[in-house]
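Which chain is which? The protein sequence lines are A and R, in order. Residue 1 is where the first sequence starts when you use the working numbering, and the numbers rise one by one after that. Residue 1 is where the second sequence starts when you use the working numbering, and the numbers rise one by one after that.
If you're looking for bench data, these hints aren't it; they were derived computationally from the structure. A few of these clues could be false.
[As the list claims (entries may be wrong)] Here are the simulated DSSO-like cross-link-like pairs (lysine-lysine), alpha carbons at most 30 angstroms apart as the crow flies:
{"#": "1", "chain 1": "A", "residue 1": "K68", "chain 2": "A", "residue 2": "K47"}
{"#": "2", "chain 1": "A", "residue 1": "K68", "chain 2": "R", "residue 2": "K13"}
{"#": "3", "chain 1": "A", "residue 1": "K47", "chain 2": "R", "residue 2": "K43"}
{"#": "4", "chain 1": "A", "residue 1": "K47", "chain 2": "R", "residue 2": "K76"}
{"#": "5", "chain 1": "R", "residue 1": "K76", "chain 2": "R", "residue 2": "K65"}
{"#": "6", "chain 1": "R", "residue 1": "K76", "chain 2": "A", "residue 2": "K68"}
{"#": "7", "chain 1": "R", "residue 1": "K43", "chain 2": "R", "residue 2": "K13"}
{"#": "8", "chain 1": "A", "residue 1": "K68", "chain 2": "R", "residue 2": "K100"}
{"#": "9", "chain 1": "R", "residue 1": "K100", "chain 2": "R", "residue 2": "K65"}
{"#": "10", "chain 1": "R", "residue 1": "K76", "chain 2": "R", "residue 2": "K100"}
{"#": "11", "chain 1": "R", "residue 1": "K13", "chain 2": "R", "residue 2": "K65"}
{"#": "12", "chain 1": "R", "residue 1": "K13", "chain 2": "R", "residue 2": "K100"}
{"#": "13", "chain 1": "R", "residue 1": "K43", "chain 2": "R", "residue 2": "K65"}
{"#": "14", "chain 1": "A", "residue 1": "K47", "chain 2": "R", "residue 2": "K65"}
As the structure is a computational prediction, the values presented were derived from the model and not from experiment.
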Amino acid sequence: QSALTQPPSVSGSPGQSVTISCTGISSDVGSYNRVSWYQQPPGTAPKLLIYEVSNRPSGVPDRFSGSKSGNTASLTISGLQAEDEADYYCSLYTSSSTWVFGGGTTLTVL
Amino acid sequence: EVQLVESGGGLVKPGGSLRLSCAASGFTFFTYSMNWVRQAPGKGLEWVSSISSSGTYIYYADSVKGRFTISRDNAKNSLYLQMNSLRAEDTAVYYCARMKTTPYYFDYWGQGTLVTVSS
Chain A
1 QSALTQPPSV SGSPGQSVTI SCTGISSDVG SYNRVSWYQQ PPGTAPKLLI YEVSNRPSGV
61 PDRFSGSKSG NTASLTISGL QAEDEADYYC SLYTSSSTWV FGGGTTLTVL
Chain R
1 EVQLVESGGG LVKPGGSLRL SCAASGFTFF TYSMNWVRQA PGKGLEWVSS ISSSGTYIYY
61 ADSVKGRFTI SRDNAKNSLY LQMNSLRAED TAVYYCARMK TTPYYFDYWG QGTLVTVSS
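Sequences are here, hints too, so could you generate the full structure?
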């Protein structure tokens, strides 16, 4: 099964922007738009943030945006707020009808 | 309101078995694929298994293939995970997640149930 690589941690000050990358290989991330992102504050269940690379479900602030370039998908959080402190995971639905998650990135708001 | 409530977790010895349940409400359960995703203590998310809306198509992660069995009862709005030959590395919080298809993503998650495999 494919692997998705995320940085273990990122940080930023309130009001700043941060970007979390999610790198796969050309035959998965590079070939499909089946990438989604999830936010998991400490002690809670994951919550959907972005689907199909760049689509936001209703209720998710437009401070959260997604994009993809080649084999790397990215989540950008602009106008950082203290409540954004959480773990963030990318995920890919593969051509084998299985799922793979990135290792997760811990966001610290300084 | 969509609700997913897991149950059945607990402490089990290595080699033992456990059956997890996920009670769904607030949506037409039989029209959605469902999944189990787990998270070991202090670790990231790991997809475990997926079952299509009718139960026809089933998929497993390599780490659980041959030991875990996913099933569903659409009449009872319930999802199950039968876990056999449990190992210490199966210790995790197990989440039930509703899956949307085309596009593909998990739109609702339960709160999870903790499985601890230890002697």
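Exercise. Going straight from one Cα to the other, do K68 of chain A and K47 of chain A come out at no more than 30 angstroms?
Worked result: 20 angstroms, holds
For this session: Assess, step by step, whether the Cα of K76 of chain R is no farther than 30 angstroms from the Cα of K65 of chain R, and give holds or violated.
Result: This hinted pair holds, its Cα atoms lying about 26 angstroms apart.
Exercise. Taking 30 angstroms as the top limit, are the C-alpha atoms of K68 of chain A and K13 of chain R close enough?
Worked result: Violated, because 44 angstroms separates the two Cα atoms, which is more than 30 angstroms.
Exercise. Given the hint that K13 of chain R pairs with K65 of chain R, does the C-alpha gap stay at or below 30 angstroms?
Worked result: Holds, at roughly 20 angstroms.
Exercise. Is K13 of chain R close enough to K100 of chain R, meaning Cα to Cα at most 30 angstroms?
Worked result: Given that 30 angstroms is the threshold and the Cα spacing comes to 35 angstroms, the pair is violated.
Problem set entry | Given hint K65 of chain R paired with K100 of chain R - CA-CA distance at most 30 angstroms | At roughly 23 angstroms apart (the allowed maximum being 30 angstroms), K65 of chain R and K100 of chain R satisfy the hint.
Problem set entry | Hint consistency between K68 of chain A and K100 of chain R [alpha-carbon to alpha-carbon, up to 30 angstroms] | Satisfied, since the Cα-Cα distance of roughly 21 angstroms is no more than 30 angstroms.
Problem set entry | 30 angstroms limit on alpha-carbon distance, applied to hinted pair K43 of chain R and K65 of chain R | Cα-Cα ~21 angstroms, so holds.
For this session: For the pair we were handed, K43 of chain R and K13 of chain R, check the Cα-Cα distance against 30 angstroms.
Result: Holds: K43 of chain R and K13 of chain R sit about 21 angstroms apart, inside 30 angstroms.
For this session: Decide if the proposed pair is consistent with the structure: K47 of chain A and K76 of chain R, CA atoms, cutoff 30 angstroms inclusive.
Result: Distance ~25 angstroms between K47 of chain A and K76 of chain R Cα, so the pair holds.
Problem set entry | Restraint status (C-alpha distance of K76 of chain R to K68 of chain A at most 30 angstroms) | 40 angstroms, violated
For this session: For the pair supplied as a hint, K47 of chain A and K43 of chain R, confirm whether the alpha-carbon distance does not exceed 30 angstroms.
Result: 17 angstroms, holds
The structure is inconsistent with the numbered hints 2, 6 and 12, although it conforms to all the rest.
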